[in-house]
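Quick note, the sequences are listed as chains B and P, same order.
Quick note: the first sequence uses my numbering, first residue 1, plus one each step.
Quick note: the second sequence uses my numbering, first residue 376, plus one each step.
Worth flagging that the hints you see were computed from the coordinates, not collected in a lab.
From the three backbone atoms N, C-alpha and C, an ideal C-beta is built for every residue, glycine too.
Just so you know, not all the hints are guaranteed correct.
Straight line, CA to CA, 25 Å or less: simulated BS3-like cross-link-like pairs of lysine-lysine [claimed, not checked]:
#1 P:K550 with P:K509
#2 P:K469 with P:K550
#3 P:K550 with B:K7
#4 P:K469 with P:K509
#5 B:K113 with P:K509
#6 P:K509 with B:K7
Now the stretches of chain B that chain P is said to cover, found in silico as 3 or more residues with beta-carbon under 8 Å [what the hints assert, rightly or not]:
#7 13–21
#8 283–297
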Amino acid sequence: MSRTDYKNLVPLVTESRLARQYAAIRERVPAARRRRFWEGAAGWAVAAAATTALAVVVVRSERLRSAPLDDAAIIESAAAVDGHPGPTTSVTLADGSRVDLGASTRARLTSAKAKAIRIDLERGSVDIEATHLEGRTFVVGAGPYDVHVVGTHFVVRRDPGAQVTVQVERGAVEVSAAAGTSGETRRLAAGDQWSAPESSALPPAAALAPPSPVANAAPAAAVGASPLPNAPVTPLTQAAPAATPAVGGRRDESARDLFDEAQRARADGRPLDAAHAFDRLRRTFPHDPRAALSAFELGRLRLDALGDPRGAEEALRDAIALGPSSPFREDAEARHVEALRRSGDGAGCLSARAAYLARWPNGTYRRAVEVGCGD
Amino acid sequence: MRAPDHATRSNAGPSDAALVLAARAGEAWAQEALFRRHAPMANGLAFRLMGRDSDVDDLVQDAFVIAFGRLHALDDPQAFGGWLGSIVVRTAGKVIRRRVLLERLGLRRRGEPIDIDAVATKIAGPDVGAELGKIYAQLERLPAEQRIAFLLRRVEGMELEEIARATGVSLATAKRRIAAAQQAVERWVDRERP
Chain B
1 MSRTDYKNLV PLVTESRLAR QYAAIRERVP AARRRRFWEG AAGWAVAAAA TTALAVVVVR
61 SERLRSAPLD DAAIIESAAA VDGHPGPTTS VTLADGSRVD LGASTRARLT SAKAKAIRID
121 LERGSVDIEA THLEGRTFVV GAGPYDVHVV GTHFVVRRDP GAQVTVQVER GAVEVSAAAG
181 TSGETRRLAA GDQWSAPESS ALPPAAALAP PSPVANAAPA AAVGASPLPN APVTPLTQAA
241 PAATPAVGGR RDESARDLFD EAQRARADGR PLDAAHAFDR LRRTFPHDPR AALSAFELGR
301 LRLDALGDPR GAEEALRDAI ALGPSSPFRE DAEARHVEAL RRSGDGAGCL SARAAYLARW
361 PNGTYRRAVE VGCGD
Chain P
376 MRAPDHATRS NAGPSDAALV LAARAGEAWA QEALFRRHAP MANGLAFRLM GRDSDVDDLV
436 QDAFVIAFGR LHALDDPQAF GGWLGSIVVR TAGKVIRRRV LLERLGLRRR GEPIDIDAVA
496 TKIAGPDVGA ELGKIYAQLE RLPAEQRIAF LLRRVEGMEL EEIARATGVS LATAKRRIAA
556 AQQAVERWVD RERP
């Protein structure tokens with residue numbers, strides 16, 4: 001009996017048998033979005049102090065814990081271990097606003113009063129879903145900047161001494177110089193991202209240049225003066241330059257870190273964060289084996305989750321260039337056709353369609369691609 | 376362990392890499408697609424390792440449960456098929472060891488019939504089927520590690536390095552196990568000669 005014959009030694013695998021097997025598997029595999037509470041047991045630490053003001057609920061993973069957090073409470077999250085995050089550390093304020101802490105984050109709940117909430121971010125990132133309450137102020141301090149919440153979902157990241165980043169998913173926020181310093185106020189709307197170096201914005205108040213209109217402000221790095229540098233506001237789905245990694249970008253982060261970060265963000269239902277991580281990976285590490293796949297996944301996210309067909313088109317084009325022999329090239333080319341159509345580039349769509357059909361005459365997506373340009 | 380050919384064929388739908396990423400992101404359809412794509416391989420491998428149809432379902436289910444639970448640990452998402460195969464192999468070893476323990480404790484009946492000879496009979500004739508059935512019966516007497524190493528080498532046709540990787544041991548250990556199993560089978564064949 002040859003080895004080829006041995007390979008034919010298979011049990012009878014019927015459709016009903018497969019269905020039975022898969023049903024049993026599904027029963028035993030927890031839903032992917034459901035985290036196991038014992039993961040990352042280092043978890044969180046809360047050191048509450050001072051007077052009782054506003055009750056909050058601390059949520060770790062799916063377990064609910066109640067703990068009184070008062071003014072000056074410190075909230076911390078665990079560091080990532082071997083690239084794997086601990087469970088999400090979440091703080092839900094009594095008004096319903098929710099604060100999710102990224103890995104290795106330390107923040108101070110400076111004020112938890114009903115009419116005035118202030119969180120000062122010492123390091124790491126906070127993802128905030130703020131409820132809208134008339135008359136209440138909600139401020140996130142990030143070193144030399146204050147982010148004033150208008151009622152929104154936004155993320156503030158602080159890399160002490162290096163950079164502060166704000167990205168807004170819904171609603172709006174206003175970024176200003178921290179209290180006690182003067183400067184411009186910039187309003188960020190949904191879809192905006194703003195980053196600025198922190199170190200250049202920390203001169204003594206007396207040395208600050210007089211406030212100037214944002215449009216005319218000199219680059220902060222050049223004058224080291226304006227407490228609110230005229231940092232560009234970037235649409236969230238537009239890629240940040242590789243040389244200045246945006247959201248949470250650290251120069252020592254590895255491709256694997258970014259890939260893991262993107263996976264976590266996707267699993268947590270944060271497509272924007274996932275897109276940013278994939279984007280940083282492909283731009284910062286274009287020769288990494290994960291770069292092409294990251295570009296492909298970025299394209300999918302932009303197309304499916306973020307409603308950005310132009311951005312998707314660029315990412316998918318990059319995926320094809322980065323991985324000309326990748327196993328997902330056909331998928332990328334088919335998606336590229338779709339992205340071009342949805343972005344209104346009729347000529348580009350026809351050209352990409354012709355390229356797909358030439359390369360994959362019997363491809364999986366042939367039928368969809370053939371009618372994919374709407375002609 | 377080599378990935379099945381279809382796992383990388385570009386016209387076979389979304390790549391394994393894309394499916395793994397989607398499954399990691401919690402998309403149930405991707406998990407099911409991975410199961411559908413690799414279940415035939417897993418069932419075949421489980422059957423050839425265990426020799427009994429009745430062992431296959433539990434082994435396949437255990438392997439997929441482990442795989443889906445550890446997707447985050449898969450460095451190369453495109454290598455899902457080979458990775459799953461390694462999990463089947465290691466899980467088979469555990470199942471066999473557990474079975475031996477149960478038999479020693481009197482909690483499981485010894486010598487349940489082998490099924491693989493019936494399949495072999497259909498493919499290669501009754502004489503080959505009978506011979507294979509006897510060999511599997513003899514292999515049952517071997518330690519799980521030796522038995523699996525032998526089957527991976529002689530039935531699956533894997534290279535030594537692949538066997539070492541799949542079973543999580545050094546190359547030298549893999550060679551030793553195969554050699555020990557080979558000697559046991561040869562001794563049995565010698566005894567059977569008229």
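Checked hints:
no. : hint               : verdict
1   : P:K550 with P:K509 : 23 Å, holds
2   : P:K469 with P:K550 : 20 Å, holds
3   : P:K550 with B:K7   : 22 Å, holds
4   : P:K469 with P:K509 : 23 Å, holds
5   : B:K113 with P:K509 : 79 Å, violated
6   : P:K509 with B:K7   : 19 Å, holds
7   : 13–21              : holds (count 5)
8   : 283–297            : holds (count 4)
Hint 5 from the list above is the single one not met by this structure.
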